[in-house]
Every structure is written in C-alpha cells, then in structure tokens.
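**Q** Each chain, written out:
2 protein chains.
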Amino acid sequence: MKTSPSIKTPNGFFFSVTEAAIKKPGRKDFALIFSEVESAIAGTFTTNLVKAAPVQLCMRKIASGRGQAIVVNSGNANACTGKQGMKDARDIVTISSKQLGIRMELTYICSTGVIGTPMPMQRILPAIGPLTGGLGNASFDDIAKAIMTTDTFPKITSRQIKIQGKQGTITGICKGAGMIAPNMATMLCFILTDIAIEKMTLHAALKSAIGKSFNRITIDGDMSTNDTALIMANGVLGNKPLTKNSSEFPEFQKALDELTYELSKLIVQDGEGATKLVEVVVKNAKNESDAEKAALAIANSSLVKTAIYGNDANWGRIMAAVGYSRIIFNPEKTDLFFNKVKVVRSGIMNNKDKEATDEIRKKELKITVDLHAGKASAKVLTCDLTEDYIRINAEYRT
Amino acid sequence: MKTSPSIKTPNGFFFSVTEAAIKKPGRKDFALIFSEVESAIAGTFTTNLVKAAPVQLCMRKIASGRGQAIVVNSGNANACTGKQGMKDARDIVTISSKQLGIRMELTYICSTGVIGTPMPMQRILPAIGPLTGGLGNASFDDIAKAIMTTDTFPKITSRQIKIQGKQGTITGICKGAGMIAPNMATMLCFILTDIAIEKMTLHAALKSAIGKSFNRITIDGDMSTNDTALIMANGVLGNKPLTKNSSEFPEFQKALDELTYELSKLIVQDGEGATKLVEVVVKNAKNESDAEKAALAIANSSLVKTAIYGNDANWGRIMAAVGYSRIIFNPEKTDLFFNKVKVVRSGIMNNKDKEATDEIRKKELKITVDLHAGKASAKVLTCDLTEDYIRINAEYRT
Chain A
1 MKTSPSIKTP
11 NGFFFSVTEA
21 AIKKPGRKDF
31 ALIFSEVESA
41 IAGTFTTNLV
51 KAAPVQLCMR
61 KIASGRGQAI
71 VVNSGNANAC
81 TGKQGMKDAR
91 DIVTISSKQL
101 GIRMELTYIC
111 STGVIGTPMP
121 MQRILPAIGP
131 LTGGLGNASF
141 DDIAKAIMTT
151 DTFPKITSRQ
161 IKIQGKQGTI
171 TGICKGAGMI
181 APNMATMLCF
191 ILTDIAIEKM
201 TLHAALKSAI
211 GKSFNRITID
221 GDMSTNDTAL
231 IMANGVLGNK
241 PLTKNSSEFP
251 EFQKALDELT
261 YELSKLIVQD
271 GEGATKLVEV
281 VVKNAKNESD
291 AEKAALAIAN
301 SSLVKTAIYG
311 NDANWGRIMA
321 AVGYSRIIFN
331 PEKTDLFFNK
341 VKVVRSGIMN
351 NKDKEATDEI
361 RKKELKITVD
371 LHAGKASAKV
381 LTCDLTEDYI
391 RINAEYRT
Chain F
1 MKTSPSIKTP
11 NGFFFSVTEA
21 AIKKPGRKDF
31 ALIFSEVESA
41 IAGTFTTNLV
51 KAAPVQLCMR
61 KIASGRGQAI
71 VVNSGNANAC
81 TGKQGMKDAR
91 DIVTISSKQL
101 GIRMELTYIC
111 STGVIGTPMP
121 MQRILPAIGP
131 LTGGLGNASF
141 DDIAKAIMTT
151 DTFPKITSRQ
161 IKIQGKQGTI
171 TGICKGAGMI
181 APNMATMLCF
191 ILTDIAIEKM
201 TLHAALKSAI
211 GKSFNRITID
221 GDMSTNDTAL
231 IMANGVLGNK
241 PLTKNSSEFP
251 EFQKALDELT
261 YELSKLIVQD
271 GEGATKLVEV
281 VVKNAKNESD
291 AEKAALAIAN
301 SSLVKTAIYG
311 NDANWGRIMA
321 AVGYSRIIFN
331 PEKTDLFFNK
341 VKVVRSGIMN
351 NKDKEATDEI
361 RKKELKITVD
371 LHAGKASAKV
381 LTCDLTEDYI
391 RINAEYRT
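In order, the protein sequences belong to chains A and F. Residue 1 is where the first sequence starts when you use our numbering, and the numbers rise one by one after that. Residue 1 is where the second sequence starts when you use our numbering, and the numbers rise one by one after that.
Next up, chain A with everything else stripped away, as it sits in the complex (with noise of 0.2 Å):
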C-alpha cells in the first residue's frame, strides 16, 4: 500500500489503475474501485441541468442502494456526447461488470475532463481488461492521483471510529479544481467505508454532510456537467447496521462531516491559480437563506477576490456585494471583520486599514459580516482569484 500513513483504507476494497490515454499518453487515468462484498451505496449529484452521460447513468442505479464497483476517468467528461456517448457509458459497465463477475447493476461509473468531445472508445474498451486484472495493484491514494485533472495534489482524508467495540474507518477522496460552484462542484468524491448502514440512512447521512461541506464551496461559480459524490459501505467490519436511531449514529455523522469539510476544503485550497484560502461567514442574518446568499455573493464575487489576491484590503466591494446578494438587511448595522480586525463598524469604516493589510496578507483570511439582523448564519470557502486562475482555463484544451 502506497498511502500516506496517516490515512487507512476502510477493509475489504480493492483498487486498480491503468492507463488509457483518454485525453493524451503517459499518465494512469483510468480507475477502479472494488468492493469484496455488495455494499449500501448513496450519491448526490449535480444539478445542472445538461447532465453528463455517466451521471445519468448513476442516477438511475443509485435507486436501489446497492453498489459494488466504480469506474472512474479522467480526461474526458462524457458530457454533451447524446446518444453515442449514453452507449459508451453504458459499454464500459456491461464490459467491467462481466469482467468483474458482478451484476452490471452493481457498477457505477464517472467521468471528469473535457466537454463535448466523444470517448476515445478505441483505447479505453482495451484498457478495461488491465484494469479489472490489475485489482489489488493500486491504493486508494492511487484512484485519487488518477481523476486529477487540474488538480495540483491528490486529496484524500480518514477518519476513524469505535462502532459497537470495533474499529470502523470512513476515508475519502476527491478532485477539484475548477467549475467549482454551490450545488456541487467539477467535483467527484469517493469516500468507503466498512462500517455497515442501512441504506436510506447513508443517503441521508451523505446529503447532509454534503449540503454543509461541497455545497457551501466555490471557486469560479460554474456548475459542473459531472459532479458526483458517492459513498460505500460495505460492512465488512461486521457491526449491526447502523441506523438513525443507533447510538452511534451521531458520530458517523459527525465524522462524515468532518471528513467531507475536509475534503472540500482541500479543493479550495487547490482551486485554479489561487494563493489563498478565504472563508466567508455571514452571520446575525435573518435567516439561513439570507446568509447563504450574502457569503456567496461574497465569495462569487470577481472583485473581492482580486482585492484578496492583490492584498487590498478593500471591504467596500465586500459591502456592495452583499447589497447585492438580493437580502433585506441595514448596511448601517452591518459590521465586517478581517480575521479578528473589526474594518468597517456599523457600515463607516472603521479606521483599521493598516492592521486589516496585515491580516489580508495572511495565507488563510476569515470575512466575517455581521448584520446584525437576526440569528442565522452560513459559512462559504473561496479562494483569491488569480492571473494563473485566467492562464489555466485559457488553455485547458490545448
């Protein structure tokens, strides 16, 4: 096993990786996950509206709860691909499932890259053989490396928990980096787990750790054709399956959440081209919706974010975007922070401009507004956005 020491690999997966050439020669991008058991499965997806073929796919599947394998690539999205690109999602399933010995029902599949070019079928119809043969040849860590696409590091992140006296894991990965939006982002996260749970509580369990972690994250505000979130439990560690009502139900959850926090703070932090990692937290809104808002308009905003790049402490644009986030709110209550440096105070800044650059040049910043408006609050991570940010996306296909 070739994973970081820190991070376990929950019992009874398996995982394989080959290369396929999919956008062009010389790396592993093509991927499996397997699982010795049939396992519960859940998954959220994107909602955007022009859904990848594979996503389609996995949303038909993902009704029965049961999942055994993933194939996952990298390279190509198989979004905007019609008709054709439906059979060659459905091809690499029946072929990979045969293959694997399972039912073709039990096989899930992703695909994350480039938009509207067609699968180079040619290469990856003869590089499944490889990959269900090489079961075993790869970790976890591996699968994660694999569905990079302009990702600069491989995201991955465990925890670990006493079920019933035994030790349960829950490990994660995910890529970013770009087309990160609310709702998900140009976002796949795999995360498994031996600990066994009834299947409508994992998917509960998935949707409410996703709703505070990968939802509340954005780096360009584009909505991905391809994001996916699934998680497997496979129970090989033997527990009586959990369930909404079991003790240690709220511990699974709070290690989920942990987990998916993790995991998608990771992706700001890798967005395209940024320097920094912003979080931005309304709070005292009149309610959670208000909030939300507020911290994306924030966090959406072009403006703010090349203040941050640029170490401008220019909370101005931070206020004009709140009134326009389409909230009810008194800019002449509201007060705005820099970290711990209260900036403007009841809307008037508040004469800290110095001490609020010193804060701004920090790796990690904090905007907190306060609106004093009522009790709710949201918290969104961003990132600074950049002259690499415009380099990348300029050239991604070339």
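A portion of the hints provided could be inaccurate.
If several chains are the same, the list does not tell them apart, and a pair holds so long as it fits within one copy or across any two.
Said to hold, decoys possible - Within a straight-line C-alpha distance of at most 25 Å, the following computed BS3-like cross-link-like pairs (lysine-lysine) qualify:
1) K379 with K333
2) K24 with K87
3) K28 with K244
Hints listed in this document are in silico derivations from the structure and should not be mistaken for laboratory results.
For chain A, the structure is supplied; the task is to place chain F on it using the hints.
**A** Just chain F now, kept in the frame of chain A:
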C-alpha cells in the same frame, strides 16, 4: 469646443472641469454640467441595496422631474460613508447651487471611485468656486474624461433627429469599466438633449432604452453601489414638448435606444483588461426571462470568458452555463454558433472545431444559442476575462 467633429453637443448646455485631487493630484476629476434653462430630467439608479450617498440624494430629487445642473466627481464613490457622506454630498449640492444661482432642488450629484473612503472635503470645497466659475471652459468630451476611473478611453456618442422641422440633438457620455453587471453597471451615464419632451415621457423613454442596453451588459457580474443614468432635456430647440402620442416620439425613442446601446457597447469594449467584444444571443427560448437568464449565465461565466480569451472554442462550457442557468430546455435540441459557424447541432459537436477556432480569434465574437423551445430571445454584451482584469483590480486602490 474640443469635441470630436462627429459629436454635436445639444444647444443650451455648458460645461466645466477642474482638479480637486480627490484620489490623487494630476487630473481634472471634478466636473459640472449646466443647462442655461431649467430642464426636464429623468434617471435610473443601481438596484444594489447599498447605495452611495449621491445616489440616495438623486433618487429623492428625481421625483420632481426637474433639474438644471449635475456635479460629478471621480476618485471617490462616496459610498459606505454613513451620515458624513450624506452631509458631504448635500454640502456640495448646496454650495454649487448657490454659486450657480439656482435652487438646490435643481442640482444633482454623482460620484464614482473607491468605496468606503470619506470624501476629501478639504480639497473639494475650495474647488467648487473654480468649477462653477469656469462654466464654458470645457466640452462635453472633457466631462467624459473627468469621470473616467479605470476606463482607457472617454465614451461619447450622439444622434440628430428632425423634430417639427428643426434639427434636435441627443448626446450621451458614460464611464465603465469594472463592476459592470446587469441592472446597470459601475456606470455613470449622462445624456443631454435640446429637444423638449414631457417629463413622464422622458422617464419612460430612458427606462426602456436602459432596459435593452446598460441592463444587458456584464463584465464581471459585480453590481455597483453608484450606478446612475441621467437624461436632461432642456427644450432649447423650441419644439412642442414630445409626449408618447407625438408622431415624432418613436423616432426619439429609436435614437435614444441606439445611443444607449452604443454607449453600453463602448463600456464592454473597454471592460477591464478586455481584448474581445462578445455578443451573446439566446434565441427561441420559451420566454424572454429564460432567454435573458441563459444569456447572462454564459456572459458571466469565468470559464467561458477565459476560453474566449485563450482562443479556445470550448463550447462545452457554454452548454454547462446554460445548464445551470435554471431555465428549462432540452440540451439535445440545442444548437450553438460561433458567429455563423454551427459548432453544436442537437446538443452534440458538429465537427467544426477548426472553423470555430478561426472565428474565436476575431476581435468580435457572436455566440448564438438556439434552444428550439419557443420564440423569445435576448442579447447580452460581454468581454473576455484576462490577466489584465486581475492586475487592474488587484491593484486598484494602490
């Protein structure tokens, strides 16, 4: 008069500019527009809930429909400046009116520049004398220069129409150049005409013209605290005031529509760091609201705009943007064009990558999305997103 030959200034208006060194010394940043007679006036303003003091003041004045002078400065937006900001705006209006010998109800005020910094009244107050005393020393063109912030060129355009046998003139100036988003822009626009027009008709004509011009442009999706468009009609032409029922009214509206469209196009061409002008047309949508939402989603997408900058005909990002615009359509019926090249046919690629790349290299690009879902359409102007946008906005206050 220093105005370029094709630009005629309407009769009965006088101009003055002076230096108040509001942000820094070295340029004429304080300007005055004055009509020799009391005029009809109409205005539209930012819908941002955080409104600059001068905007709040103008919004109260405009109800009267009467005006004679506009005082305007660049370098400071007088936004998020609280009670002091409102007092400063009032003081400038009061003193200017007194020196001009008009009632203060007839003097309007606009500001553009940095948000959140108090107005440097110690430099502004002494400059009011030279400003009002200098009337006639400047052209409308000079006002266009005085209100520039990150604009790289002044924006002025003009139309002439025959009204009751007499040649009437409508001339407008405006400034951009960042914080440009629908429902106005970081935008100041002043339109002057010597044609007499009834005040309610003037208001309706302006609102209609702005709806299809300034409200349909976007550079970065950020909406400013200071957007203001004012039109002043002094009636010096001596025609019988136009009403909606006048036979010449449609021609007046047409001229105003053309003028505001041309000005808004100039703003986008001069978008911060922009190298290309992009027209986004969504047609055959179910209704106009859908068409507008889809066009704005495309025009605001950082991924679309960086691809255009990089000469990458990455239509998948456009499809994705329409997909998350929250309209209902069938991706598999959608066609997409770069200028006249059909790159997507029925939702999938049409093998025109080479031709599309030739089109995207041009300075002006028209993206047409045909949804085949109805009969409504909408057009939005935008520009590409470049490293220079980042540079300009990362360093704006320094």
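**Q** Are the hints correct? Go through all of them and say.
**A** Right, here's what the structure says about each hint:
For the identical chains of this complex, K379 and K333 are intra-copy neighbours only, at 20 Å inside a copy versus 38 Å across copies, given an alpha-carbon limit of 25 Å. For a Cα distance limit of 25 Å, the shortest separation of K24 from K87 inside one copy, 22 Å, qualifies, whereas the shortest one across copies, 64 Å, does not. Taking identical chains as interchangeable, the C-alpha atoms of K28 and K244 are never at most 25 Å apart, the minima being 39 Å within one chain and 69 Å between chains.
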